[in-house]
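Undergrad: Each chain, letter by letter, is given below.
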Amino acid sequence: MMRLFQGGKDSPVAARAAILLVGLALLVLPFALAQAGTAWVRITNLAILFALLALGLNIVVGFAGLLDLGYIAFYGVGAYCYALLASPHFGLHLPFWVILPIGAALACLFGVLLGAPTLKLRGDYLAIVTLGFGEIIRILLNNLAQPINITNGPQGITLIDPFRIAGFDFSKPERWFGLMVSGPIKYYYLLLVVLIVVMVVNVRLQDSRIGRAWVAIREDETAAQAMGINTRNVKLLAFAMGASFGGIAGGMFAAMQSFISPESFVLVESIMVLAMVVLGGMGNIWGVVLGAVLLSFVPELLRYTVEPMQKAIFGRTLVDPEVIRMLLFGLALVLMMLYRPAGLWPSRTRRRELAPAKR
Amino acid sequence: MSLCNVPHAKRLIATTATVFLLAACGNEEASKSGEPSGSAGATGITVKIGHAAPLTGGIAHLGKDNENGVRLAVDEANAKGLTIGGQKVTFEMLSEDDEGKENKGPIVAQKFVDAKVAGVVGHLNSGVTIPASAVYNTAGIPMISGSATNPKFTEQGFAITFRTVGRDDQQGPAIASYLFSEYKPKTAAVIDDATSYGEGLANEVEKALKAAGVTVLPREKGNSMQTDWKAILTKLRGKKPDAIFYGGMDSGAGPLMKQGRELGLQAVFAFGDGACTEKMKELAGEASEGLICSQAGIPVAAASKDFLEAYKAKFNSDPLIYAPFTYDATNLLITAMQNADSVDPAKYLPELAKISMVGSSGRIEFDAKGDRKDAEMTIFTMKAGTIVPLAIIKAGQSIPFEEFTKGAADPAPAEPKEESK
Amino acid sequence: MDIFLQQLINGLTLGSVYAIVALGYTMVYGIIQLINFAHGEVVMVGAMVALTVISALTGAQIGLPPVVIVLAGIACAVPACMAIGYGMERIAYRPLRKAPRLAPLITAIGISIILQHVALLVFSRNPLSFPQIMPNPVFEIAGAHISAVQIAIIGGSVVVMAGLTFLVYRTRLGIAMRATSENVQVAGLMGVNIDRVISSTFVIGAALAAIAGVMIGTYYGIAHYTMGAMLGLKAFSAAVLGGIGNLAGAMLGGVLLGVVEAMGAGYIGEFTDLCQAPWIAGLMTERCADGGNFVLFGSNYQDVFAFLVLIAVLVFRPSGLLGERVSDRA
Chain A
1 MMRLFQGGKD SPVAARAAIL LVGLALLVLP FALAQAGTAW VRITNLAILF ALLALGLNIV
61 VGFAGLLDLG YIAFYGVGAY CYALLASPHF GLHLPFWVIL PIGAALACLF GVLLGAPTLK
121 LRGDYLAIVT LGFGEIIRIL LNNLAQPINI TNGPQGITLI DPFRIAGFDF SKPERWFGLM
181 VSGPIKYYYL LLVVLIVVMV VNVRLQDSRI GRAWVAIRED ETAAQAMGIN TRNVKLLAFA
241 MGASFGGIAG GMFAAMQSFI SPESFVLVES IMVLAMVVLG GMGNIWGVVL GAVLLSFVPE
301 LLRYTVEPMQ KAIFGRTLVD PEVIRMLLFG LALVLMMLYR PAGLWPSRTR RRELAPAKR
Chain B
1 MSLCNVPHAK RLIATTATVF LLAACGNEEA SKSGEPSGSA GATGITVKIG HAAPLTGGIA
61 HLGKDNENGV RLAVDEANAK GLTIGGQKVT FEMLSEDDEG KENKGPIVAQ KFVDAKVAGV
121 VGHLNSGVTI PASAVYNTAG IPMISGSATN PKFTEQGFAI TFRTVGRDDQ QGPAIASYLF
181 SEYKPKTAAV IDDATSYGEG LANEVEKALK AAGVTVLPRE KGNSMQTDWK AILTKLRGKK
241 PDAIFYGGMD SGAGPLMKQG RELGLQAVFA FGDGACTEKM KELAGEASEG LICSQAGIPV
301 AAASKDFLEA YKAKFNSDPL IYAPFTYDAT NLLITAMQNA DSVDPAKYLP ELAKISMVGS
361 SGRIEFDAKG DRKDAEMTIF TMKAGTIVPL AIIKAGQSIP FEEFTKGAAD PAPAEPKEES
421 K
Chain C
1 MDIFLQQLIN GLTLGSVYAI VALGYTMVYG IIQLINFAHG EVVMVGAMVA LTVISALTGA
61 QIGLPPVVIV LAGIACAVPA CMAIGYGMER IAYRPLRKAP RLAPLITAIG ISIILQHVAL
121 LVFSRNPLSF PQIMPNPVFE IAGAHISAVQ IAIIGGSVVV MAGLTFLVYR TRLGIAMRAT
181 SENVQVAGLM GVNIDRVISS TFVIGAALAA IAGVMIGTYY GIAHYTMGAM LGLKAFSAAV
241 LGGIGNLAGA MLGGVLLGVV EAMGAGYIGE FTDLCQAPWI AGLMTERCAD GGNFVLFGSN
301 YQDVFAFLVL IAVLVFRPSG LLGERVSDRA
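Same order as they appear, the protein sequences are chains A, B and C.
Just so it is clear: in the first sequence, position 259 is 259 by my numbering, and no numbers are missing.
Just so it is clear: in the second sequence, position 386 is 386 by my numbering, and no numbers are missing.
Just so it is clear: in the third sequence, position 242 is 242 by my numbering, and no numbers are missing.
To be clear, the hints were calculated from the coordinates, so they are not data collected in a lab.
Take these hints with a grain of salt, some might be off.
[To be verified] In the PhoX-like style, the derived pairs of lysine-lysine whose C-alpha atoms are separated by at most 25 Å in a straight line are: (1) B/Lys383 / B/Lys210; (2) B/Lys347 / B/Lys369; (3) B/Lys101 / B/Lys184; (4) A/Lys172 / B/Lys394; (5) B/Lys314 / B/Lys48; (6) B/Lys116 / B/Lys347; (7) B/Lys80 / B/Lys101; (8) B/Lys116 / B/Lys101; (9) B/Lys369 / B/Lys207; (10) B/Lys64 / A/Lys311; (11) A/Lys311 / B/Lys239; (12) B/Lys101 / A/Lys311; (13) B/Lys48 / A/Lys311; (14) B/Lys347 / A/Lys172; (15) A/Lys172 / B/Lys64; (16) A/Lys172 / B/Lys116; (17) B/Lys347 / B/Lys373; (18) B/Lys80 / B/Lys369; (19) B/Lys312 / A/Lys311; (20) B/Lys406 / B/Lys394; (21) B/Lys312 / B/Lys64; (22) B/Lys279 / B/Lys383; (23) B/Lys48 / B/Lys347; (24) B/Lys239 / B/Lys207; (25) A/Lys120 / C/Lys98; (26) B/Lys116 / B/Lys80; (27) B/Lys369 / B/Lys305; (28) B/Lys184 / B/Lys383; (29) B/Lys314 / B/Lys369.
[Unchecked claim] Cβ pair distances, simulated, as ranges: (30) B/Lys314 / C/Asn126: 24 to 30 Å; (31) B/Lys210 / C/Ile141: 55 to 61 Å; (32) C/Gly143 / B/Ser181: 31 to 37 Å; (33) C/Glu270 / A/Arg316: 49 to 55 Å; (34) B/Ala159 / A/Phe90: 24 to 30 Å; (35) A/Lys172 / C/Tyr267: 50 to 56 Å.
[As the list claims (entries may be wrong)] If the Cβ cut is set under 8 Å, some of the chain C residues that face chain A in the computed set are: (36) Ala92; (37) Thr107; (38) Ile133; (39) Met134; (40) Val138.
Beta carbons: idealized from backbone N, C-alpha and C, even for Gly.
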């Protein structure tokens with residue numbers, strides 16, 4: 001756990017205190033947010049989901065340096081896997097702890113399917129092919145209602161089961177120790193646990209043999225190969241790992257949303273996740289989470305700042321917050337690459353690598 | 001305590017910053033939540049009614065139109081000064097922007113639940129309405145959509161879902177039966193834009209045409225941004241269909257029809273409400289002449305005169321499409337509250353389910369699912385560059401438009417006729 | 001047969017536009033090995049600018065002949081796009097020329113998003129329609145219909161391609177461009193102004209994109225701020241199909257992809273209708289009765305073809321049909 005804090009190595013006591021404080025803050029956060037409205041808890045939950053996605057994409061883009069523009073496809077695979085196995089669509093109602101691993105495995109399989117033929121490709125070609133792959137998956141989800149109805153096409157799947165363990169239902173409000181705990185708050189804790197697990201896995205991965213192999217490939221593939229790294233397998237592993245995290249996030253999204261359709265898995269979402277990774281700092285786990293949280297809250301903050309401001313000045317909304325958000329995304333991508341290529345919270349090695357002048 | 005009362009966004013920042021101190025606030029929420037919707041004051045109670053639609057983005061104008069419908073109804077009710085449960089009631093509309101996005105639906109719904117609204121009018125898009133309805137269902141808050149036409153919305157088994165607009169599977173058969181009775185096609189082609197709306201409608205049309213004995217060619221599909229339909233239309237030309245139905249929006253339908261005529265297709269072109277707009281003339285030019293299309297519900301021009309005049313007076317513009325339906329939806333909520341003499345959702349919900357009211361869009365009654373009984377559909381055609389209504393389809397019967405407006409101008413005498421069926 | 005001919009004409013028209021857009025990708029790639037992701041958006045801007053000018057001039061009713069109005073539209077769209085092409089290179093790509101390959105690709109995505117949403121703000125969020133100011137007579141050849149606009153598009157693209165070929169192979173700038181694409185450093189040493197050559201490449205590519213934008217706008221009669229993204233991807237696929245960096249390859253790839261798409265959308269449904277196969281139809285008599293069908297892949301998969309072509313080419317023949325100019329890339 002301690003290695004999560006890069007700066008904490010010098011004074012373990014301070015680090016422990018910091019972890020304790022942050023942990024406590026995260027525990028009471030949903031109740032504080034619920035004061036402003038349970039809607040804020042839902043927004044936070046969505047932000048954590050995006051953080052999970054960004055962490056998964058970070059393995060592929062940040063660690064291994066393979067630009068994946070179709071990442072949302074794995075999210076979609078996970079979501080549809082959950083929806084199909086826990087909804088009246090096929091009449092199946094498997095418990096979530098069975099489906100989530102299946103979803104992760106299926107997404108992993110798709111990751112390998114995408115990775116295997118494209119491994120030879122160099123960076124920019126790979127980007128386009130992954131983009132095409134993402135679109136193909138979406139078109140498949142949209143069209144597999146005919147001739148046999150598998151995904152129910154653009155109509156989407158309704159009435160997806162929430163998470164349930166032995167009578168404990170994540171979607172129902174309950175009273176714990178005199179505190180009202182709503183469905184979103186329960187999901188918040190679940191998501192938080194998953195996020196921490198995924199972060200720990202990521203940190204361990206980063207420091208492992210595999211993690212170092214990824215970095216080696218990112219820095220110089222030929223050299224990595226010469227050092228005896230099986231670049232093919234190691235790259236495949238990056239795709240597989242990244243995809244399975246996406247699959248898990250997708251399954252949770254389906255359960256929380258209770259309705260999904262292919263519209264949630266379009267190209268813009270892939271780019272949004274990429275923007276989170278780039279903004280936060282490619283290759284740095286904390287940076288990526290920061291990026292995801294920032295970009296998830298931006299639209300809400302814009303809603304409460306930009307819109308009233310425009311109304312006050314011009315009497316009406318001239319520029320929609322949504323447009324401003326997209327412009328900010330675009331600007332963030334460009335400006336970050338130009339002025340701070342390693343992100344807001346750069347990883348040390350990445351900073352070294354992306355500083356062109358010193359090479 | 002003071003920190004717990006700062007306005008919305010500011011409060012969030014404040015709370016996250018001083019998160020530890022505020023853990024205790026959680027207890028207060030529990031104690032506050034006992035109060036049902038509406039807060040008592042010295043002069044009476046304020047009842048909040050939620051309205052949700054995309055107020056930004058591509059169809060913001062439709063969202064605004066829906067909002068205007070609700071606002072008009074709320075203002076009229078307040079002007080009347082209603083008394084419910086022995087207290088004077090003031091209604092307040094809370095309008096939220098759901099951006100037309102599926103994952104925003106539940107968040108907006110939660111905002112309404114947090115604000116303890118008594119009922120919700122919305123949302124606009126079916127894709128947003130469906131995920132949001134799960135949240136309202138958990139909270140037990142009734143919702144009436146004036147524009148979500150996807151059948152699935154009311155088929156989830158939720159008691160709180162209603163709509164004042166017709167379903168896709170009411171609109172589909174309407175246009176299909178008109179097509180069949182007026183043009184007698186032997187072979188028909190059905191195309192859609194692979195969206196929830198387009199495909200859903202196309203499925204219903206295909207079903208109805210097949211049931212009427214028309215040979216329907218294998219479905220062709222494009223996408224919502226498609227402008228090149230030539231490959232598909234060329235293929236269809238080889239099959240010589242007598243009628244072509246396209247489920248989708250005008251931005252696809254315009255080029256489709258134009259290219260179809262360029263390729264020499266003689267078939268009649270039919271569309272759903274997404275392509276039943278004046279824009280068709282702009283996009284397809286002369287080729288658009290003679291198209292037929294349907295709209296769920298009655299045309300705005302056929303809504304009650306009182307409503308049209310009030311809307312025009314208040315907003316200085318004509319209603320676009322769904323305003324009569326959201327206006328009616330709001331009045332339904334208010335009437336149900338009056339009938340139950342309570343603003344508590346649990347108490348007035350049964351009254352809403354069995355309501356019978358004459359609104360701006362005609363008589364409204366709900367069936368067991370919360371769908372409108374005998375919802376009207378209107379068939380339009382493109383004549384000399386404008387969309388004009390041809391006929392109203394009600395309970396499977398086609399009524400020429402002129403006759404219908406004569407009846408609707410004076411709803412009172414028309415009533416017994418409708419009920420006698 | 002007339003159906004086949006018609007599909008061929010459809011494909012050729014679309015393919016001509018793809019080819020012109022693909023040229024923009026391939027020129028930039030040939031010289032600095034960069035995928036200019038935002039190129040499709042330049043096409044969109046071209047269509048939007050031309051449309052606005054044409055609408056304004058038509059609406060003003062000053063009695064200009066339609067041809068002049070269209071030419072005025074092109075005359076405004078081309079410089080506007082050239083300016084965007086120049087600015088794009090200057091702001092987003094030049095500073096990153098020595099950065100890792102990921103960097104310019106990410107900025108390109110950023111530029112693409114920015115262009116789309118600025119277009120949304122400047123023009124409209126809703127699709128704009130192209131006013132139909134000229135009669136569009138339709139000719140019939142052996143049962144197939146071809147409109148005047150289609151002829152103009154195919155003819156125009158031939159002229160554009162010929163002009164570009166002349167520019168690259170017969171002018172000083174062309175020589176400089178070819179030298180730069182062979183070896184940037186050496187070309188610099190030989191006195192070629194590298195920055196200027198690269199800027200010119202972007203500007204020329206953007207001019208082509210503007211022309212493609214006007215073509216596609218007048219052909220379909222509609223322009224929308226998102227129209228460039230998919231078009232760009234398809235044109236890029238076309239460039240890869242022909243062999244990226246290779247001018248003739250981009251032209252061939254564009255035309256081929258257009259034809260493949262038209263034929264695919266037109267025929268795939270019939271080829272994958274299992275009811276057409278007697279032995280399967282026997283198994284599903286109920287479903288196949290009375291002209292029933294069991295179409296595995298219909299026209300709904302038409303957008304997939306470009307991507308499948310792209311993936312297949314990259315996996316099996318990364319140098320494309322005619323070979324890349326720069327051979328050590330894949």
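Undergrad: For every hint, state whether the structure bears it out.
TA: Consistency of the hints with the structure:
A C-alpha spacing of about 29 Å is found between B/Lys383 and B/Lys210, which places the hinted pair above 25 Å, so the restraint is violated. Under the criterion of a C-alpha separation no larger than 25 Å, the hint pairing B/Lys347 with B/Lys369 is consistent with the structure, at around 18 Å. At roughly 40 Å between alpha-carbon atoms, B/Lys101 and B/Lys184 are farther apart than 25 Å, so this suggested pair is violated. Between A/Lys172 and B/Lys394 the alpha-carbon distance is near 41 Å, which puts this suggested pair outside the 25 Å criterion.
At roughly 21 Å between alpha-carbon atoms, B/Lys314 and B/Lys48 fall within 25 Å of each other, so this suggested pair holds. Of the pairs offered as hints, the one joining B/Lys116 and B/Lys347 holds, with about 15 Å between alpha carbons and a cut-off of 25 Å not exceeded. For the hint linking B/Lys80 to B/Lys101, the alpha-carbon distance of about 36 Å lies beyond 25 Å, and the restraint is violated. Restraint check for B/Lys116 and B/Lys101: satisfied, since their Cα atoms lie roughly 23 Å apart, inside the 25 Å limit.
For the proposed pair B/Lys369 and B/Lys207, the alpha carbon gap of about 22 Å is at most 25 Å, so the pair holds. At most 25 Å may separate the alpha-carbon atoms for a hinted pair to count; B/Lys64 and A/Lys311 meet this at roughly 15 Å. Straight-line distance between C-alpha atoms of A/Lys311 and B/Lys239 comes to about 55 Å, which puts the hinted pair past the 25 Å bound. Proximity of B/Lys101 to A/Lys311 is assessed by CA-CA distance (about 23 Å); at most 25 Å being required, the pair is judged to hold.
In summary, the hint linking B/Lys48 to A/Lys311 is supported, as the alpha carbons are separated by about 23 Å, within the 25 Å threshold. Pair hint B/Lys347 plus A/Lys172 holds up; C-alpha atoms about 22 Å apart against a cutoff of 25 Å. Taken as a hint, the A/Lys172 and B/Lys64 pair is broken in the structure, with Cα atoms around 33 Å apart against an allowance of 25 Å. For a cut-off of 25 Å, the pair hint linking A/Lys172 to B/Lys116 stands: about 17 Å separates their Cα positions.
Between the alpha carbons of B/Lys347 and B/Lys373 the distance comes to roughly 23 Å, so the proposed pair stays at or under 25 Å and holds. For the hint pairing B/Lys80 with B/Lys369, the CA-to-CA distance comes to about 31 Å; that exceeds 25 Å, so the pair is violated. Distance restraint check for B/Lys312 and A/Lys311: the Cα-Cα separation of roughly 23 Å lies within the 25 Å cut-off, and the hinted pair is therefore satisfied. Taking the CA atoms of B/Lys406 and B/Lys394, the gap is about 15 Å. The hint holds against a cut of 25 Å.
For the proposed pair B/Lys312 and B/Lys64, the alpha carbon gap of about 14 Å is at most 25 Å, so the pair holds. The straight-line distance between the Cα atoms of B/Lys279 and B/Lys383 is roughly 13 Å, inside the 25 Å bound, and the hint therefore holds. At most 25 Å may separate the alpha-carbon atoms for a hinted pair to count; B/Lys48 and B/Lys347 meet this at roughly 16 Å. Distance check on the hinted pair: B/Lys239 and B/Lys207 sit about 20 Å apart at the alpha-carbon level, within 25 Å; holds.
Simply put, A/Lys120 and C/Lys98 have alpha-carbon atoms about 23 Å apart, close enough for the 25 Å limit, and the pair holds. Between the alpha carbons of B/Lys116 and B/Lys80 the distance comes to roughly 24 Å, so the proposed pair stays at or under 25 Å and holds. Distance check on the hinted pair: B/Lys369 and B/Lys305 sit about 30 Å apart at the alpha-carbon level, beyond 25 Å; violated. Among the hinted pairs, B/Lys184 with B/Lys383 is consistent with the structure: their alpha-carbon atoms are about 21 Å apart, no more than 25 Å.
Under the criterion of a C-alpha separation no larger than 25 Å, the hint pairing B/Lys314 with B/Lys369 is inconsistent with the structure, at around 34 Å. Distance hint check for B/Lys314 and C/Asn126: the Cβ-Cβ separation is about 26 Å, which falls inside the suggested range of 24 to 30 Å. In this structure, B/Lys210 and C/Ile141 break the distance hint of 55 to 61 Å, their C-beta atoms being roughly 37 Å apart. Under the hint 31 to 37 Å, the C-beta atoms of C/Gly143 and B/Ser181, about 33 Å apart, fit the expected range.
Between C/Glu270 and A/Arg316 the Cβ separation comes to about 53 Å, which falls inside the hinted range of 49 to 55 Å. In this structure the supplied range 24 to 30 Å holds for B/Ala159 paired with A/Phe90, their Cβ-Cβ distance being about 25 Å. Distance hint check for A/Lys172 and C/Tyr267: the Cβ-Cβ separation is about 53 Å, which falls inside the suggested range of 50 to 56 Å. A cut of 8 Å between beta carbons decides the hint on C/Ala92: the least distance to chain A is about 6 Å, and the hint holds.
At a threshold of 8 Å, the smallest CB-CB gap from C/Thr107 to chain A is about 5 Å, leaving the interface hint in force. With a cut of 8 Å, the hint placing C/Ile133 at the interface with chain A is violated, because the nearest CB-to-CB distance is about 31 Å. Nearest Cβ of chain A to the Cβ of C/Met134: about 34 Å, over the 8 Å cut. The hint is violated. Contact between C/Val138 and chain A, as hinted, is not supported at the beta carbon level, the nearest pair being about 32 Å apart and thus beyond 8 Å.
Of the numbered hints stated above, those contradicted by the structure are hints 1, 3, 4, 7, 11, 15, 18, 27, 29, 31, 38, 39 and 40, listed in ascending order.
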